[in-house]
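These two chains come separately, so use the hints to put the complex back together.
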Amino acid sequence: MEELAIALTFGVLQGSVYSLVALGIVLVYRVSGVFNFAQAEFGTTGLFGAYIAVVLWEWPFYLGLLFGLVVAIVMGLLTERLVIHPLRNQSKVTLLVGTAGVALTVIGIQFWQFNDPLIRQLPKISDAVYVTPFGAPIMAQQLITLAVLIVAAAALAVFLKSPAGLAMQAAQQEPVACELVGVSVRRVSMMTWGIAALLGGLAGVLSGAYTIFTAGFLTFGVGKALLPGFIAAVLAGMKSMPGAVAGGLVVGIVEQFGGLKMFGDVPGASALLLLVFLVVVLLLRPQGLLVRKATA
Amino acid sequence: MALLEVKDLVVGYDAFPVLHGINFSVEEGELCVLLGLNGAGKTTTVSTIAGMLKPQSGSMTFDGKELKKGSPSARVAGGISLCPEGRRVFPRLSVRQNLRLGSWVRRKESKTVRRQLELVYDYFPRLAEREGQLAGTLSGGEQQMLAVARAMMSKPRLLLIDEASLGLSPTLARTVWEVTKRIKADGTTVLMVEQNAGALPYADRALIMEKGTLVYTGVGDEIRDVNLREAYLGV
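Chains A and B, in that order, are what the protein sequence lines are. Take the first sequence: its position 4, counting from 1, is numbered 4 in my numbering, and each next residue is one higher. All you need for my numbering is the position in the second sequence, starting with 1, plus 296.
One or more hints might be untrue.
To be verified - Just a few of them, taken from the derived set where beta-carbon distance is under 7 Å, the chain A residues facing chain B:
1. Leu56
2. Glu58
3. Gly101
4. Ala157
5. Leu160
6. Ser162
7. Pro163
8. Gln173
9. Val183
What the hints assert, rightly or not - Stretches of chain A that chain B covers, calculated by requiring three or more beta carbons in the stretch to come under 8 Å of a beta carbon on chain B:
10. 127 to 133
11. 166 to 172
Derived from the structure by calculation, the hints contain no laboratory data. Predicted model only: the values in this text are computed from it and were never measured. We put the beta carbon where it would ideally sit given N, CA and C, even for glycine.
Only chain B is shown next, with the shape it has when bound in the complex (with noise of 0.2 Å):
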C-alpha cells in the first residue's frame, strides 16, 4: 500500500483550474521528485497535500486514511509537513527558536524533540553553529538549510519540499539534495518539488508535470535517462 495516493486530484483558484485531475502515489520510504517548469501546478499538488488549498474534486488518502477538510496544523499531526517555497523562516527568531516551532505539533514529547534536533543539527552542522543566530541574518543557503530543518522537527512521515534548490548554488544545492538523500536513508519518505533537473539522480521516483497535468511517471534507472529530460524539461 502506497504511503501517499492523489486520484483524479482537481484543485483551482476560484473558477480557474489548476491542476486537471492528476494521479499518482508515492511509496513509503521513497524519495519522490516532482518535476515541471514555472506553472505546472507542482507548487499546488504539495499545497494541497499539507493542507493548505482545498480541492475541487479528487482525493488523497495518507497511511490507507483519506485527507479530508483539514487545516495544515491538523496535517502536520497526522504526520504531513511541507517544507514552503520560500524558505519562510521566522527572521526575528534565532535558529534554535525557529527548530522549537518546528516541533510544536511534538512539544510535549521532549525526548523526541531532543532527538530530532541531534538529527537536524547533524544534516546540517552550520545551523549548529549559528544556533543562537536570528534566522533573517543567515544566507540564503543556510535559511533554506533551517527551513527543511525545521520541517524534520515534527518527525514527520512525509516531508514534502517546494523547490529547495531556487536560488541556491549548484553546489549548496546538490548539499540540500545530499542531506535530502539522508533523510530518506533515515526512514523519512520525501516528496520533493523541483524545476531543477539536477535533482533525478537522487530521486526514486519521478514524477513531470506540464499545465497541470501528469505528463510523466517513472522509477528506478530510466528516469535517468538523458531523452527523458530533454523531451520533457529540455535540458
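Okay, chain A solo, but in the shape it has when bound (with noise of 0.2 Å):
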C-alpha cells in the first residue's frame, strides 16, 4: 500500500512536467493543426537561457529564470515565423518533420555550444526536502512545478473564453471567416506558438533543476518529456485543455507503477505498461480523456 502511495505521489509530480507539455502541445494542434515535435525543446532552450543567465553571466536569480521563459517564447514565435508560416500550405506530415527538424537542429546547437562540460546544473527554486507520511521525500521545486501547472492550466482555462482566446479557437476552425472578422490570423498563429512555448519554458525552467540536465534534455536527456507529453495529448483527443492536464499526470502514475515491485523483473515495464494503457485508453475512449464524442 505504502508503495503504491508512493508511486501515485511521484507519478503526480513528474505528471505535472508532462501536463505542462501535453498543454502546449494541444493548444498549437488545435490552433495550427501542426503535431509539434519541438515542444519539449522549447523547454530545453528555455533551461539553457535561464542557465546562461543565472549561472554563467550571474544574473540574478528570478531574472534568469525569467529570461530562459523569455527565450523559450522567442523560440516559439521564430518556429512559427520561419518554419510554420513559410509551410503553411504544405501537408501536416511536413509541418510534423519541420518541427522535428526545429528540433534536431537546437539540438546540434547545443551540443555544440554547450559540449564542455556536457553535464551542467540549474540551481533550484527552493532547496528543501519533505517527507511524506508514507517515507516519500518530495523537492519542494517538484510541489512548485505543480503549483504553477495548476495556475497555467487556469489561466489558459480563462484566457481561452476570452476574445482573444475565442479568436484563436475560431482561427483554426474557420480561419477566412476569421479574418471577414477582422482578427488576423497570423498574429493568433503567433499568439499561439508563443504560449505554448511559453509552457514548455515553464516544464524546462522548473524541472530542469530537478538534477543535472545536457543538451535535448526534454526530448531525449534526462527529464525526457516529448514521448509522455506526446501520449498525454493523445489522451486529451488532442483537443482538450483539461484532458492534457489530466492525460499528463495519469501518463506518470502508470509510468511509476511500472516502476512497483509486482514488476520487478521486467525490463522496460514502465514504457511497456503505458503504451498498453495507451492502447487501451484508445480503444475504450478513442475520442481521449474528458473530451465528448463529437456530435457535429
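Below you can see the structure in the form of C-alpha cells.
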C-alpha cells in the first residue's frame, strides 16, 4: 500500500511536467493542426537560457529564470515565423517534419555550444525536501512545478474564454471567416506558438533544476517529456486542455506504477505499461479523456 | 457623394481575368442588389471590396477615401463587413461566441457590443433562443441568420452579403431579405449579391453582371420591370 502511495505521489509530480508539455502540444494542434515535435525543445532551450543568465552571467536568480522563459517564447515565435508560416500550405507531415527539424537543429546547437562540460546544473528555486508520511522524499521544486501547472492550466482556461482565446479557436475552425471579422490569423498563430513555447519553457526551467541536464534534456535526456507529453496529448484527444492536464498526470502515474516491485523482473516495465495503457484507453475512449464524442 | 464607388475594377486569378473593368456606386443608406448567374463575377466583386482579393487595376473609394492595399481585418475596422458565401460560421463555438467574435474590432467598446447584440437578437429572435448552442448544430437557415448577424456585430457602415438565399427555402430566403431591409432602414448601407431574382423587390438599386462585366444598372421602380428580369436573368 505504501509502495502504491509513493508511486502515486511521484507519478503526479513527474506528470505535472508532462502536463505542461502536453498543454503546449494540444494548444498548437488545436489552432495550427501541427503535431509539434519541438515542444519539449522549447523547454530545453528555455532551460539553457536560464542557465546562461543565472550561472554564466550571474544575473539575479528570478531575472535569470524570466530570461529563460523569454528565450523559450522567442524560439516559439521564430519557429512560427521561419518554419510554420512558410510551410502553412504544405501537408501536415511536412509541418511535422519541419518541427522535428527545429528540435534537431536546436539540440545540435546545444551540443555544439555546451559540450564542455556536457553536464550542467541550474540552481533550484528552493532546496527544501519534504518527507511524506509514507516515506517518500519530495523536492519543494517538484511541488512548485505542480502549483505552476495548476495556475497555468487555470489561466489558460480563462484565456480561452476571452475574446483573444475565442479568436484562437476560431482561427483553426474557419480561418477565412476569422479574417472577415477582423482577426488576423497570422497574429493568432504567433500568439499560439508564443503561449505554447511559454508552457514548454516553464516545464524546462522548473524540471531542469531537479537534477543535472544536458543538450536535448526534455526531448531524450534525463528529463525526457516529449513522448510522455505526446501520449498525454493523445489521451486528451489532441483537443481538450483539461484532458491534457489529466493525461499528463495519468501518464506520470502509470509510468511510476511500472516501477512497482511486482514488475521488478520485467525490463522496461514502465514504458510497456504506458503503451498498454494508451492502447486500452484508445480502444475504450477513442475520443480521449475528458472529451465528449463529437456531435456535429 | 456615394458611400462606395468602384471605377474600372479589374480583378483576376493569376493571368485569368474575372472582372473586366466594372464601374458602379452605392449611395449611403441604399440596399443595392448585385445579380447575376454563376460565374458572373459577383463574389469576386464583393471579395475585392472586402479586401480578400487584390485588384489588378482600377480603384475603389469608400466614404471618399481610396481603398488601397489592405487586409480584410483593416476593411472591417474601416466599416466594411462581409457576410461570406457558404455562411462560414465557427462550428464549434456557440452562437453567442460567434457573435462576440463578430464584434472583434469593437471589443473594447462594451456598450456598442451590447447594443449590437440586442439589435441582432431583435432581427433574429431565433438566435437569442439558441445562443448557447454550438453553431455547427444549427440548421442551414439559422446558420445563415448567424452569419448575417455576426457581420452586423462590427456595426459596419457597409454590409456586404454574398448569396444569403443559397440553399434556403423560399420562405427562409424571404425572412433573410426582410431582415436585410430592416438593417437598411436602421441606417446600414447594404450591397447584397444574389442569383435569386426574388431579391429585386427589396432593392433600391440593382446591378446585373454577366461574365465579369456590368450589363445593367438601375434604380427605383424600373428594376422591378418584368422585361428586365426576362432579358438579363431568364426568369
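Evaluation of the provided hints:
Hint status for leucine 56 of chain A relative to chain B: violated, with the closest Cβ pair at about 43 Å, above 7 Å. This hint is violated: glutamate 58 of chain A has a C-beta 43 Å from the nearest C-beta of chain B, more than the 7 Å allowed. For glycine 101 of chain A, the shortest C-beta to C-beta distance to chain B is roughly 30 Å, which exceeds 7 Å, and the interface hint is violated. Restraint check, alanine 157 of chain A versus chain B: the minimum CB separation of about 15 Å is more than 7 Å; hint violated.
Annotation: leucine 160 of chain A was flagged as interfacial toward chain B, and the flag is violated, the nearest CB pair being 11 Å apart, outside 7 Å. Here the hint on serine 162 of chain A is broken, as its CB sits about 9 Å from the closest CB of chain B, past 7 Å. Here the hint on proline 163 of chain A is kept, as its CB sits about 5 Å from the closest CB of chain B, short of 7 Å. Among the interface hints, the one on glutamine 173 of chain A holds; its C-beta lies about 5 Å from the nearest C-beta in chain B, closer than the 7 Å criterion.
Annotation: valine 183 of chain A was flagged as interfacial toward chain B, and the flag holds, the nearest CB pair being 5 Å apart, inside 7 Å. Coverage of the stretch 127 to 133 of chain A by chain B is violated [criterion: at least 3 residues with CB-CB distance below 8 Å; count 0]. With 4 residues bearing a CB less than 8 Å from a CB of chain B, the stretch 166 to 172 of chain A meets the requirement of three and the coverage assertion stands.
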